[in-house]
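Enquirer: One letter stands for each residue in the lines below.
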Amino acid sequence: MNLIEDRIRAAARAAAETVAPDSVPSLELPAEHPRGYGWRQRWLVPAAAAAAVVIVIAVTAVTVGPATRTRAPAIAPAATAPGPMLPGPSLASYVSSGMIPPYFVAVAFTGTAAQSPAVAIVHDTVSGHALATIKPSIRGGTIVGVSAAGDDRTFVLDEQTWVKSKYPFPTAGYSGPHSFYLLRLSSAGRVSSLGRLRVTVPATQVLRAFALSPDGQRLALAVASKKGPARTNLEVVTLSTGSTRVWSAAGIFRSGAADSRGLSWTADGRELAFEWQANNVGEFPGVEARLLNLTSAGGDLLAASRRVIATNRQFKPSGSTFQVTDAENEPVVTPDGSAIVTNSVYFQVKTKDSGKAWNGRYGFAEYSTRTGKLIRILGYWTIKPAGYFFTQVLWSSPSGRVLIAVIPDGRMGVINGNEFTPLNMPPVPGVIMDIGLGAQAGAW
Amino acid sequence: MRANATGLPAPGPAAAAAPAEAVTTLYQAHALGLIRLAVVMLGDRPAAEDVVQEAFCGLYRRWHSLADTGKALAYVRSSVINGCRTVLRRRLRQRSVDPLTGDQPGESAEAVALVSEEHRQVLAAMRRLPSRQREVLVLRFYLDLDEAETAASMRISRGTVKSTTSRALAALGRILGEQQS
Chain V
1 MNLIEDRIRA AARAAAETVA PDSVPSLELP AEHPRGYGWR QRWLVPAAAA
51 AAVVIVIAVT AVTVGPATRT RAPAIAPAAT APGPMLPGPS LASYVSSGMI
101 PPYFVAVAFT GTAAQSPAVA IVHDTVSGHA LATIKPSIRG GTIVGVSAAG
151 DDRTFVLDEQ TWVKSKYPFP TAGYSGPHSF YLLRLSSAGR VSSLGRLRVT
201 VPATQVLRAF ALSPDGQRLA LAVASKKGPA RTNLEVVTLS TGSTRVWSAA
251 GIFRSGAADS RGLSWTADGR ELAFEWQANN VGEFPGVEAR LLNLTSAGGD
301 LLAASRRVIA TNRQFKPSGS TFQVTDAENE PVVTPDGSAI VTNSVYFQVK
351 TKDSGKAWNG RYGFAEYSTR TGKLIRILGY WTIKPAGYFF TQVLWSSPSG
401 RVLIAVIPDG RMGVINGNEF TPLNMPPVPG VIMDIGLGAQ AGAW
Chain E
1001 MRANATGLPA PGPAAAAAPA EAVTTLYQAH ALGLIRLAVV MLGDRPAAED
1051 VVQEAFCGLY RRWHSLADTG KALAYVRSSV INGCRTVLRR RLRQRSVDPL
1101 TGDQPGESAE AVALVSEEHR QVLAAMRRLP SRQREVLVLR FYLDLDEAET
1151 AASMRISRGT VKSTTSRALA ALGRILGEQQ S
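As given, the protein sequences belong to chains V and E, one line each in that order. Each residue of the first sequence is one higher than the last, beginning at 1 in our numbering. Each residue of the second sequence is one higher than the last, beginning at 1001 in our numbering.
Derived from the structure by calculation, the hints contain no laboratory data. Built from N, CA and C at the ideal position, the CB exists for glycine as well. It is possible that part of the hints are untrue.
[Unchecked claim] Computed spacing ranges between beta-carbons, pair by pair:
id, chain 1, residue 1, chain 2, residue 2, range
1, E, T1086, V, V191, 30 to 36 Å
2, E, A1148, V, D215, 49 to 55 Å
3, E, K1071, V, S186, 44 to 50 Å
Just need the whole structure built from these sequences, with the hints factored in.
Expert: Structural data, given as structure tokens:
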């Protein structure tokens, strides 16, 4: 036997065996009729077939728009290969293949961004057209947040009293207690019902985040007292009965301003992701993404949850440069629970240039919830000179391989590996991203 | 020997079942072997998984146009090889367009930890070969396919398999020799 042939065999097998037999991911077949692309009918994805082929996405088990001749987008193979962004498939092909949901609800200011009351608008994902507008129920009220269930038909809106800012610059401060409303959409994206929930957050508390469970049956709320030591309660309310379980710990619940969506559920409703900061000591205090086990009875928030990754800035020596990873701002767990998605920023800092930020690299990093290791990066934008350009994950496919997000230039769109398809929506104003309201740009 | 090395047993009775079920069954039986094949080709686990996933999605979409569904495994294996080629071409394009992307995905930290220095040298040398030469080496010496099977998978003639194998081994020997000298 030739020595080189033996070396090839041994090396190839060694490489192959890094793939453990129990680590093969599930198959995700497209929600598309296998006869081809010319199948022109409104169609319903049969739930049984979806179960047989591993559910691609919870919301595909409902009717979607008419199939088009457009080829169903493929999951981009270069998901971990940072490189120039390429134009992605059309939004219509994404929606018709069931890869992304057909409707979303966004909070929209009625005047100057963040300086006027807001309404909620139901949009068609493909066209961006407004299908319905939901105004505040109270005079002088404003919609301050929205969260979606997994069916893309059920949403919760958060309402507060709007108070004109006394400052000349935009702030995200609203006043009074929070009221919540359950919004249900028809299959055409119209409002089919809108009712007030028996859930409130009193004016004595700060609402850090809220998130509707994928089945639309529970609402998770992160609240803290406005006075006293930093302590956060994470409450999960069963909407039908009002029964509540509470987990609590001393520390700071990290989220954007107002009640941005700093909470995210796994599709099975068994885990809830949140970002936590134990204290405020030091230049870069420990910030971490954690997963709360919702099968626990309540009690100590930290004991019932586990740390997945540290999301504070990390300095990594890399040749003559330093890489800074900034993965803050509302990491989300993928619905299948396999990964935490963060909006990461990579700065290449040239030490010989007085430490001035040189190349900024922006993308969405995904870390295994099992090992905490980086498993893929979606999206890749370079900006010179580097700076803070805020980005925001708005929606994740079940496995996290397709995202809808706000990218550094403020555009919203679908990110699939290194492909980007912009939504037909105006860019999110910089001030909205700056003050942490980017999460209100859309809930799917 | 072949089954142990590749995890690619012959296709079973899945072909007669409904498309989704048949493709899922085929995936369950062969995904590990095919992901391993793509990992050897690409040195990058997530990209390998994506290539295999896309190959099975392609099989599902084309199920009804397959002349012989019993050859589904051969079809999907060819798709994986083609998918690997596409990824490698895309990497080359990206490298030529954006010098910032010099940090190619290559091997993961985990793979580096698990694969010995000697093996990594061989794998790195293989990645310096033209894609056809690399493919023929992987199919012949990792999957232990014979010349006819290799030719069918790559859609080239047996003669081309023979000559490409010969040239690939010679080139690999030269590269490894250079590394050692």
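Enquirer: The structure should be examined with respect to each hint, and the outcome stated for every one.
Expert: Hints, verified against the model:
| no. | hint | in the structure |
| --- | --- | --- |
| 1 | E/T1086 / V/V191: 30 to 36 Å | 45 Å, violated |
| 2 | E/A1148 / V/D215: 49 to 55 Å | 54 Å, holds |
| 3 | E/K1071 / V/S186: 44 to 50 Å | 46 Å, holds |
The structure fails hint 1 only (numbered hints given earlier).
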